[in-house]
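Participant: Each chain is listed here by its residues.
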Amino acid sequence: MEMTDKRTITVSVNGTKHTKEVPVRITLADFIRYELGLTGTHLGCEHGVCGACTILLDGRSARSCLMLAVQADGHEVLTVEGIAPGPDALHPLQEAFRDNHGLQCGFCTPGMLTTLLEFLGDNPDPTEQEVRVAISGNLCRCTGYQGIVLAALDAAKRMKAGRA
Amino acid sequence: MKPPPFQYHDPKTLAEAVGLLGTLDNAKLLAGGQSLMPMLNMRFVLPDHVIDLNLVEGMAGIKETDGVLEIGAMTRQRELEFSDLVAAKCPLLHQALMHVGHRQTRNRGTIGGSLCHLDPAAELVTVCMAHDATIAVAGPGGTREIAFADFPAGYLTPAIELNEIVTAIRIPVWPAGHKAAFIEFSRRHGDFAIVSAAALLQIDGGRITRASLTIGGVAVAPVRATEVEQAIVGQAPTSELFAKVCESCRSFEAMADIHASAEYRQHLAVVLARRALEKAADLADNAPWNRAH
Amino acid sequence: MAPTGPSLIGRRMIRVEDGPLLRGRGRFIDDLDIPGALHVAFLRSPVAHGRLKDIDASAAKALPGVHAVLSFADLRPVLTGDRIPQALPSGAIRFDVDPIVLAKDEVTYVGEPVAMVVADSRRVAEDALALIALDLDELPAVTDPVAGLEYGAPKARLDCPDNLVARQSIDYGDIDGAFAKAAHRIKARFRLHKGGGHSIETRGIAVRIDPVDDTLTIHANTQLPHRAKQILVAALGIGEQRIRVVAPDTGGGFGPKAAFHPEELALPAAALLLRRPLKWIEDRRENFVAAVGERDQDWDMEMAVDAGGRMLGLRGRLCHDHGSCTPYGVALAYNAGTNVIGPYVLPTYRLDINWCLTNFVPCAPTRGAGRPQGMYVMERLLDAVAETVGIARDEVRRRNMIQPTQMPYATPIKQRDGSTMTYDSGDYPECQRRALEAGGWADFPARQAAARKAGRYIGLGLANYVEATGRGPFESAGLRVGASGKIVITTGASAQGQGTKSMLVQLACDVLGVAPESIEVIAGDTAGIALGFGAFASRQAVTAGNAVHQAAIAVREKAIQTAAEMMEASAEDLELKDGAVQVKGVPHMKRTLAQIAHAIAGVPGFALPGGVTPGLAASIDFPAPALTYCNGTHICEAEADPETGMVRLLRYIVVHDSGRIINPMIVDGQVTGAVAHGIGATLYEWMRFDSQGQPQTVTYGDYILPSSDTVPPIEVIHMESPTPLNPLGVKGAAESGTIAAPAAIVSAVEDALHSFGVRIRNLPLTPERLLASIQAAG
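Just so you know, the sequences run in chain order A, B and C. Each residue of the first sequence is one higher than the one before, starting from 1 at the first, in the working numbering. Each residue of the second sequence is one higher than the one before, starting from 165 at the first, in the working numbering. Each residue of the third sequence is one higher than the one before, starting from 458 at the first, in the working numbering.
What the hints contain is simulated information worked out from the structure, not anything from laboratory work. Wrong hints could be hidden among the right ones.
[Claimed, not checked] Here are the simulated distance ranges between beta carbons:
| # | chain 1 | residue 1 | chain 2 | residue 2 | range |
| --- | --- | --- | --- | --- | --- |
| 1 | A | T19 | B | D189 | 26 to 34 Å |
| 2 | A | D88 | B | M419 | 55 to 63 Å |
| 3 | B | T321 | A | S12 | 33 to 41 Å |
| 4 | B | P168 | A | G37 | 19 to 27 Å |
| 5 | A | T127 | C | D670 | 55 to 63 Å |
| 6 | B | K176 | A | T19 | 20 to 28 Å |
| 7 | C | G1158 | B | A340 | 35 to 43 Å |
| 8 | A | D88 | C | T1156 | 36 to 44 Å |
| 9 | C | A645 | B | T321 | 46 to 54 Å |
| 10 | C | P930 | B | P168 | 46 to 54 Å |
Where a beta carbon is used, it is the ideal one built from N, C-alpha and C, also for glycine.
Sequences are here, hints too, so could you generate the full structure?
Facilitator: Structure representation (structure tokens):
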């Protein structure tokens, strides 16, 4: 057995509270993936550059590989699994990704979605250049970003229509 | 790439944090985590103790008192980015923040963390040098202030004791109407600058009455181009003048790494110095190359 | 809703893969929760070359949570030989250097696996790595392929006679005669770097061992599950029936996941030894040092042209950095050499290719597989010819282009199997014409002059390419309608994000008139189908696509035949529509596919209707004896900052012809993604090493991938010249975008800085290199 410092933490993830004893050294990403089994949050680099592990912490995007799990104690986390409004429906952002070919392998997608969810909240009517800057901290190797940028712009329209 | 074993501490007061730091061996302070966490994941650092400052009361906040902007060390970069006070009083900091990492990293990253990591190319380090900031630190013997010019002790090494914690950054603001420009040369948005330039100008009656020019990324710490500053004060701002005087930046001592040779950094220092001054003086913008997003 | 009406081929259809991926319900290798699995970390060589004398793992083994530390000697008893048997045959190879599972007595690159720790968790396994002591004698390293072939160079491997691991020439026509009569000769030397695959998902392997059945199941995000199985059968010496390789959802491939890496043998071997399930997920640092990729080629070339700029001959040498062993044959440099000719008539050609062993991770194809380098050499030389002869860059290309009337065009070049490289279809001049039109080529000089007046340096570049796609020998597919009406397609093809499943579903729906939801595709599972290959050489639409298309047609015919028996109707009066066989014009008189499948699934003791064979199913192994060649033209608009050397891309246009298009949305996605890959190779990506062979760029801060703000909007325009080589008329598309990008971008930058007389040869083109070129020219 591993000899390690542990703590009990309570984290709300996608609206569900989880109380777990965890080694203090594990990252929030590893907690979400391996302790909670929510494997939609992906690890692409584990050094804070690729953005695949982006989650929302209390509504703000953060790289979950750059946080310790214990630091999320008492906080609310939203992962990609929590974006869709229900099992049969997709969020307009997800629909826009599907309809604009905003994903190929799907590995960077969870980080793109969480990043854009926050961004479109901050800036509901972005220009193409603003979208490109917003996702510049999320690496995608499949799409050349074209479909993602189109999806984000389309999602902004859909979300605006949804609010109207 | 998983962090090594360590013990975790989350003090709630500054006194408690200082106490832990003074008594624990091989301890690391955890602020926003945007520099320390990658180094932990890669096991470049192997601390026995991590002291998390995120729950310490009273270490975050932005206020202005008597012409000095005081920023708590644990203030997130996002708070600075969206602060009207910062935008109004310290436009250089506001401009620089748009180059600092990405939304996701600014949401977590703190100003104190960035300064203590002291990457030579970090934007906030360059801004503090440009503004003659002072750094407030707390240690077992109480608190003290360090002029930013004395803050860098070496590559990635601030001039604070192992038992001291940076608590606040004090930035003397320039008078209303001053001109500021922060530009940088980087390959992609959000990357650390290869070279950056920060210019502050006070222009009265068509003449420069006060100037600050700082070049980041060239040496182990940002350097003030004092020769340029002295040469332009009293002069009318023109591109010809700036081009002539900025040539002196080529003599800066420069680092070499995989991103740029020393000679290339010196060359960029000359170009960016001139462009920052031109932009501050509203002479030219060069927007696409300044990555002003 | 079931699609009906005219053919679905050529229609934009959303992908079947997207729903789960968008919800975070993909099942990637690291998402598989293997009960009881232990976790593996590899100790890797810290030096580029050394003699391995001893491994002391006693402290690591004593760490709580560690189950085993294994070295070569531990694994060897369950292996059939010292080396991993995987050579791809080639007459070029002078000596075989198959990889080894773990270093035995010599380490040959930084990152080479030396020992493996098996522990309760990855973090504990990493703790243990720090406790292993290696006794190594460092040896001189070969860190440059040109220097490595010089007299007196150190040996990259002590067990090889020298560093020249392979050599081959491409040689046709009277080259000396061509140069003798040339009006102009143009010499140029190119040092071309191309980076790694860098799929955002790293590699990973999970091995399950079933003690009841005595079988091994290997989950691996490989592009080639069937080949991996073949190698494992040979290396472990156990029967085919005991090994299954299955690829889960895979987060990008781009080449490196096609090569069989040592870890893919180490895990199954260790699982057999320990009788425990094991899991290893490569971390990014390992990916930088231990995943194969492309690196350096040195081209020393000379072109002969007549007074009008028509090519007479091309000759030179290509020195290829091969790395320290041969996991994937020698096709990479040969592709580069053969792809040089592109869409042009090259009357004489001689290229001597030398493969040099170096003390780096082995080289193997990444997207484009050497072709971008070959095309770059040709296109840069053509720009130089235009300059020398005094004609426009588009005109020099027109003068040298293969004409549509020459199709099919048998080039004088031999493929790796000795067959003639024959272009099957395409209209290259028209493709270039459309690209020039879309790119505003004619108006550009005026725009350029106006920009110059405003102090801006903009340029327009063009480049053409041809790519061999659809490599055989075959791909397999089975299509079966179950009694539930559910249709299952099985194939040896594999998917890493290309939308392969969607493409196959679209083809099946087109023939069977069923809804996409009624079809499930099992790809990349050796238990699903006995034979197959997988993803490489832009091949799956051609090979698996045609296989599924033919299987669907066979099933349709059988359904109609069976329904005719069931309904006592004539087959000519029946048609398959909306998932049922109906009497033409009488939609209520029908038998659903489910009913038909049920009828010929058989009932004990009763004959099948009308003597049809059992099962509503078909299996097709679609042979692809000849390659089909896609082509295109890229136009790039770039701006350069002559003061800093910085380049920005403003616009990018691709006219692309990959024959008949199945789903334009997917093809566009493949092309734009590949262009971004090409942009990375041209401007950003550079895997750097110091003179001792130590990697210098092992983070994404130091190794720069193109980001959303550095890739410009990309416009893709399609031409469709169906190939006569397969029934669907389709060609491959997935790599093509990488091939012309370096040449188009560099052409644009040279054009932008034309007034400086800048000449760009080497890749990548960093700002510092460009500034040096500007200063050298000035």
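Participant: Look at each hint and say if it fits the structure.
Facilitator: Evaluated hints:
1. T19(A) - D189(B): 26 to 34 Å: holds (32 Å)
2. D88(A) - M419(B): 55 to 63 Å: holds (57 Å)
3. T321(B) - S12(A): 33 to 41 Å: Cβ of T321(B) to Cβ of S12(A): about 39 Å, so the range 33 to 41 Å holds.
4. P168(B) - G37(A): 19 to 27 Å: holds (25 Å)
5. T127(A) - D670(C): 55 to 63 Å: 59 Å Cβ-Cβ, so the 55 to 63 Å window holds.
6. K176(B) - T19(A): 20 to 28 Å: Holds, since K176(B) and T19(A) (Cβ atoms, about 21 Å apart) stay within the stated range.
7. G1158(C) - A340(B): 35 to 43 Å: holds (38 Å)
8. D88(A) - T1156(C): 36 to 44 Å: holds (41 Å)
9. A645(C) - T321(B): 46 to 54 Å: holds (47 Å)
10. P930(C) - P168(B): 46 to 54 Å: Check passed, 50 Å falls within 46 to 54 Å.
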